[in-house]
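Residue numbers (the working numbering), protein chains in the order written: chain E, 53 to 249; chain F, 53 to 249.
Do not take every clue at face value.
For identical chains, the list gives no copy identity; a pair is met inside one copy or between any two copies.
As the list claims (entries may be wrong) - In silico DSS-like links for lysine-lysine, alpha-carbon gap of 30 Å or less:
1. 188 to 67
2. 152 to 188
3. 85 to 67
4. 85 to 152
Calculated from the structure, these hints are not laboratory results.
Since this is a predicted model, take the numbers as computed values, not measurements.
Protein chains: 2
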Amino acid sequence: MIGPEIDRLIQLLAKLPGLGPRSARRAALHLIKRRDTVMEPLAAAMAAAAASIRTCATCGNLDTTSPCHVCLDGGRDRSTICVVEEVGDLWALERTHAFKGVYHVLGGTLSALEGVGPDDLNIPTLLERASRPEVKEVILALNATVGGQTTAHYLSDRLAPCGVAVSRLAHGVPVGGELDYLDDGTLTAALRARRAL
Amino acid sequence: MIGPEIDRLIQLLAKLPGLGPRSARRAALHLIKRRDTVMEPLAAAMAAAAASIRTCATCGNLDTTSPCHVCLDGGRDRSTICVVEEVGDLWALERTHAFKGVYHVLGGTLSALEGVGPDDLNIPTLLERASRPEVKEVILALNATVGGQTTAHYLSDRLAPCGVAVSRLAHGVPVGGELDYLDDGTLTAALRARRAL
Chain E
53 MIGPEIDRLI QLLAKLPGLG PRSARRAALH LIKRRDTVME PLAAAMAAAA
103 ASIRTCATCG NLDTTSPCHV CLDGGRDRST ICVVEEVGDL WALERTHAFK
153 GVYHVLGGTL SALEGVGPDD LNIPTLLERA SRPEVKEVIL ALNATVGGQT
203 TAHYLSDRLA PCGVAVSRLA HGVPVGGELD YLDDGTLTAA LRARRAL
Chain F
53 MIGPEIDRLI QLLAKLPGLG PRSARRAALH LIKRRDTVME PLAAAMAAAA
103 ASIRTCATCG NLDTTSPCHV CLDGGRDRST ICVVEEVGDL WALERTHAFK
153 GVYHVLGGTL SALEGVGPDD LNIPTLLERA SRPEVKEVIL ALNATVGGQT
203 TAHYLSDRLA PCGVAVSRLA HGVPVGGELD YLDDGTLTAA LRARRAL
């Protein structure tokens, strides 16, 4: 017999990705035992984020400001736009510290099966941004999946009249990867895109 | 470049058991994308629980009321007290629906190494409860670890003058377990405690 408030907390925690019913109970117990040091700060951080999260009007990123922190940053190179499917992809690229341009979050990929057309994604705003004179290159950093590649081809066609260079991420052997464990498609792509040493 | 509020949310989520840095990011992204349906209810449930959680003055359980929901329940058998180490153990026993008595949460086990003595655990209150005339049996449902068993022996000695029956959980083959995979200690215990069919 667990009190209804605790039970509700467990139910809600179990909705997080990576937490099942058992680990949600463990997390709830952890929170309950450390209510001053963990539970209250987390509740406050969550409420603060929930109240302030908004979609960046420029790039579609989710952040606590609009324009988002990337678009606001005066040090970013506005001539290069990196197009990603989801905010998680933007976070992944930011972690590399390898990209100093700005982003554009599509919000998904085209899918005839699921009825996702160009107007359901942030494509009109991308075309508008790519037409601005300061933009020189659009990098299509979409997933190497059927949906991602279909969308990349569609965008490549639509971006042609904008007069920008359009590129995509390289395919190849993952750094640290072993050839023996790679799928044929990746290996073929790596072979075709071989570079002179 | 992730905003400071989101970064703080990720840091705090990563403190939950079962969530590392990567899954904390996934959880944060999940929350941010579903701020009305998941993030706000979870923040509210957490704040409500944090504000109302208290330690049951009778049994040491953590709940939103004191006495806790178990101690308040008129349908529980007050003649049997089940002693557990932690609140998580109480939750595990409650899930079985096999125990209809009341509990006593020690808050840990005796440990000379870590300087945990009898007065650091809820032992004085247990002895006081066990001395009440309505209490007939104390079940020591402690972990089958060195600490748990040391504490069980100590409690058994201290409970002797209280005039209550003292029992412990049975050792044996886990239901669904295979003999081949069992450790020698469990198998020996199961053999010694064999029951007539």
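Review point. Can you give the numbers of the hints that this structure goes against, from lowest to highest?
Key: When the structure is compared with the hints, only number 1 turns out to be violated.
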